[in-house]
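Colleague: Here are the chains, one letter per residue:
Protein chains: 2
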Amino acid sequence: MTRSVEFYFDVGSPASWLAWTQLPAMAERYGAELVNKPVLLGGIFKATGNNTPAALPPKGRYLFRDLARFARRYGVPFTFPPGFPANTLTLMRILTGVQMHRPDDFGACVDVLFRMLWQYGINPEDETTLRDTLGGAGLDADALLALAGQEDVKQALKEATNEAVERGLFGLPTMFVDGEMFWGQDRLDFVREQLESSDA
Amino acid sequence: MTRSVEFYFDVGSPASWLAWTQLPAMAERYGAELVNKPVLLGGIFKATGNNTPAALPPKGRYLFRDLARFARRYGVPFTFPPGFPANTLTLMRILTGVQMHRPDDFGACVDVLFRMLWQYGINPEDETTLRDTLGGAGLDADALLALAGQEDVKQALKEATNEAVERGLFGLPTMFVDGEMFWGQDRLDFVREQLESSDA
Chain A
1 MTRSVEFYFD VGSPASWLAW TQLPAMAERY GAELVNKPVL LGGIFKATGN
51 NTPAALPPKG RYLFRDLARF ARRYGVPFTF PPGFPANTLT LMRILTGVQM
101 HRPDDFGACV DVLFRMLWQY GINPEDETTL RDTLGGAGLD ADALLALAGQ
151 EDVKQALKEA TNEAVERGLF GLPTMFVDGE MFWGQDRLDF VREQLESSDA
Chain B
1 MTRSVEFYFD VGSPASWLAW TQLPAMAERY GAELVNKPVL LGGIFKATGN
51 NTPAALPPKG RYLFRDLARF ARRYGVPFTF PPGFPANTLT LMRILTGVQM
101 HRPDDFGACV DVLFRMLWQY GINPEDETTL RDTLGGAGLD ADALLALAGQ
151 EDVKQALKEA TNEAVERGLF GLPTMFVDGE MFWGQDRLDF VREQLESSDA
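First to last, the protein sequences are chains A and B. Here this note's numbering is used: the first residue of the first sequence is 1, the next is one more, and so on. Here this note's numbering is used: the first residue of the second sequence is 1, the next is one more, and so on.
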C-alpha cells in the first residue's frame, strides 16, 4: 500500500510556503503520495480561537526572522507581501475549484500562488494582479476565477476547513502520516522520521 | 573572549525543561558559557498579551504529544504534573535568590525543581512537597524558602522579567547567542549552528 503525507495548507501562510518547498521531494524520496488539502486558515483560527502569531508585535517580528532562518536553511526564496496577513478566500477557492475540476493544473496553480506571495511579495487581494499572475503562468485566469465563484467549490472549501477543525487542526501547515499529526513546517524532520519508520 | 548562551527559563515551562536537558552539554561542547536567566513566564505572558498554548484545548493536546516526541529524541524523562500550568512564583523566587546569594547551589537547585515537575510529575504548589523535594536533594529548604521571601529577591525576579520583555521575549525558553534570539527548545539546532558559526 502506498503511504501518504496529507498536507493541509493555505497559501497565505508563510510556514505553508516553506513546507511546500520541501514536501513534494520528501514524499517522492520515500515513495509516499502527497495528498494536498487546501483549507482556509482564517476559518480554522475562527473555529479554534487560535490566532496568527503576527497579532502579537514581538512575536510577529521574531516570526519573520525565524521563517527567514528556515528559508536560508532550505535555500529557498522568502519575502513578506505587504498587507500581511492577506485575505486568501478567493485564492483558496481557486485552488479548491482547480483540485475538483481541473486537477491537471493543480500543482502549477498552488506553486504560482505561493510564489506570488512569498517569493515575489505580491499582495494577492488585488484581482488585476492575481489575473496577471495566473495568466503569466499559462493558466486560464478567467476560468479559474469563475471556478472560485461556483457554489460547489465554495461549499467544498468550507467543508474541508470544517473537517480539518474536527480532525484537531488549529494552525497551518499541518501534516498527517500514519494518522500522526505534525503541526508546522518546523516539524518536517519528524515527518521525515515517520516516513523512515517501519510503520508503513 | 568566551562566548555565551543566555538561557531565559521558568521551571514551570515544559519546553524550558527540555532545553535544560540539552543546553549545558551543548555550551560545554562549544566552549561557551551558559548564562542562566530565571524569569517568570506568567509575567512575560501578562506583559506581552501572549498566552500558554495549553489555553486552546486542541493545541494543548497536540503540545503534549509534540514535547513527548522531542523528549524521546533527546532520550530524557518527560511527564506532566497535575494542575498544569502551575504557579511558579515561589520556585522562581527561590532560584533568583539562590543565584544571588548561594550561587554554588544554583545548578543543583534548578535541576531538582525541573525534575520535580517534568520527571516526577509533582505539582510544585504544595509547600510541604516542595520542602521534601529540596531537602531530599541535600538543599536547605528553610534557607531557600526564606530567600524567596526577601524583598531584594522578589524585586530582582520582577526586574529580570521586565528586562526580558524589554528585550523582546514573549515566551520561554528563549536563548541568545551573539545577540541572536532563539525562541523555543525546538530551535536548539539553530543555537548549535550559531555556536558553530564563525561569528565568535
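These are calculated hints, taken from the structure and not from any lab test. Don't take every hint at face value.
Heads up, the list lumps identical chains together, so a pair's fine if it works in one copy or across two of them.
Said to hold, decoys possible - Listed below are the simulated DSS-like cross-link pairs for lysine-lysine, each with C-alpha atoms no more than 25 Å apart in a straight line: (1) Lys59 to Lys154; (2) Lys59 to Lys158; (3) Lys46 to Lys158.
As the structure is a prediction and not an experimental result, all values here were calculated from the model.
Colleague: Run every hint past the structure and note whether it holds.
Modeller: These are the hints, each one checked on the structure:
In this assembly of identical chains, lysine 59 and lysine 154 lie within 25 Å of each other by CA distance neither inside one copy nor across copies; the values are 33 Å within and 27 Å between. In this assembly of identical chains, the alpha carbons of lysine 59 and lysine 158 lie at most 25 Å apart only when taken from different copies (21 Å versus 29 Å within one copy). When the C-alpha separation of lysine 46 and lysine 158 is checked against a cutoff of 25 Å, the pair qualifies only within one copy, where the shortest distance is 12 Å, while the shortest distance between copies is 35 Å.
Consistency note: the structure conflicts with earlier hint 1 alone.
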